[in-house]
Amino acid sequence: MKYRVDFIPYSETTDLSSEEKVSYILSKVVRNTILVLEDGLSHTEELNLIERTMAKIDYSKFVGIKLFSIESAEDFRWSKLFNKGNKTKGFTIVAPNEAVSVIKDKRGILSIRIAG
Amino acid sequence: MKELSWRLWLKSKPKSINLGFYGEVNAGKTTLANKIGKDWADQEVGTVSEIPHETRTIQKLERVNFASNGTQLDLTLIDMPGIASSVNPKEFMKHGLTAGEAMQRAKEATRGIVEAIKFLENVDVALVVIDAARAPFDQVNFTIIGNLEHQKKPFILVPNKIDLPEADIRVVKDAFQEYTVIPVSAKHGDGIETLYNTIASMAKKVR
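Chains as they are written, first to last, in this note's numbering: chain A, 1 to 116; chain B, 1 to 207.
These are calculated hints, taken from the structure and not from any lab test. Take these hints with a grain of salt, some might be off.
Restricting the straight-line Cα-Cα distance to at most 20 Å, the calculated cross-link-like pairs of lysine-lysine (PhoX-like) are [to be verified]:
hint, chain 1, residue 1, chain 2, residue 2
1, B, 205, B, 15
2, B, 153, B, 205
3, A, 56, B, 107
4, B, 107, B, 118
5, A, 61, B, 153
6, B, 90, A, 56
7, B, 107, A, 61
8, B, 90, A, 61
9, B, 118, B, 60
10, B, 118, A, 56
11, A, 61, A, 2
Stretches of chain B that chain A covers, calculated by requiring three or more beta carbons in the stretch to come under 8 Å of a beta carbon on chain A [claimed, not checked]:
hint, stretch
12, 83-89
13, 109-117
14, 136-150
Heads up, the beta-carbon is just placed ideally off N, CA and C, and yes, glycines get one too.
Please build the complete structure, drawing on both the sequences and the hints.
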């Protein structure tokens, strides 16, 4: 399976409502695209994305997503990776579940391995 | 006089609290709910299994008379299906399920996740159960916590399975240092008294 990585600039999604943003993400992820969103999701949007992902699962071609939201901090230590509250993150990565696996690094670096 | 006795009765009545068990899949939510249910009502809430998504519908145990630190509560224990962003039937087949059983489980699990998400607003206090033996960086944990904060729900982070040699409480506490973290072993009861005291104090925040 080949996956495409799309880097989505802030300007592409900033005018979308939360619902529209989630629809936009899902429409691309089900078509084997990994998204790196400069305009990250809030936790409310993340939960909405998970809920709506469940409706898209067909148990064969699409079994769900992997989701990572990352704070735009200078220090990429795990303990600082994630924002709290309902604020927007630095950026959010959404991928088809089968497309990526996360590698945890003792130094606190987030690595994502993309399936070939 | 009648009004006064009505007020006194209301004051002495234990506060009713919906205690929700949230978290990723296989973190030990049902084991913890069962421990609390057994301790305070001599009843279990649900079935525990090594196969992911054993709890696929919301399980409730009502009228649990709980008391800790002088606080009496009328708890409803609400064990939620584990929240996940994917459901793959192939994962269940690795645990020995047939293709048909795995598909059925996957469909039920998918519905359960939606049910658990929708029920969040009905919870008064949440226990966010984390597997202390796994790295706690599943985005689901942060998503649940973020939504509880957004809805101003009191919650306690409960790293579970601290009896396992691979459990690392320090990593969990580092990752969630700004929150109330009470490590437990739901299986053996370690840390459970501290959790009870914290539930009692969190319940005071509920109106």
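Tested hints:
Under the criterion of a C-alpha separation no larger than 20 Å, the hint pairing residue 205/B with residue 15/B is consistent with the structure, at around 11 Å. Pair hint residue 153/B plus residue 205/B holds up; C-alpha atoms about 9 Å apart against a cutoff of 20 Å. Of the supplied pair hints, the one linking residue 56/A and residue 107/B holds, its CA atoms being roughly 12 Å apart against a limit of 20 Å. About 17 Å separates the Cα atoms of residue 107/B and residue 118/B, which keeps this hinted pair within 20 Å; it holds.
Between residue 61/A and residue 153/B the alpha-carbon distance is near 37 Å, which puts this suggested pair outside the 20 Å criterion. Taking the CA atoms of residue 90/B and residue 56/A, the gap is near 17 Å; set against the 20 Å cutoff, the hint holds. Taking the CA atoms of residue 107/B and residue 61/A, the gap is near 15 Å; set against the 20 Å cutoff, the hint holds. For the given pair, residue 90/B sits about 12 Å from residue 61/A by alpha-carbon distance, which is consistent with the 20 Å threshold.
As the CA atoms of residue 118/B and residue 60/B are separated by approximately 15 Å, the hinted pair is consistent with the 20 Å bound. For the hint linking residue 118/B to residue 56/A, the alpha-carbon distance of about 17 Å falls within 20 Å, and the restraint holds. Between the alpha carbons of residue 61/A and residue 2/A the distance comes to roughly 13 Å, so the proposed pair stays at or under 20 Å and holds. With a cut-off of 8 Å between beta carbons, the stretch 83-89 of chain B has 7 residues touching chain A; three or more are needed, and the interface restraint holds.
Using a Cβ-Cβ cut-off of 8 Å, 5 residues of the stretch 109-117 of chain B lie near chain A, which meets the minimum of three, so the contact claim holds. Only when three residues or more bring their CB closer than 8 Å to a CB of chain A does the claim for the stretch 136-150 of chain B stand; here the count is 11, and the claim holds.
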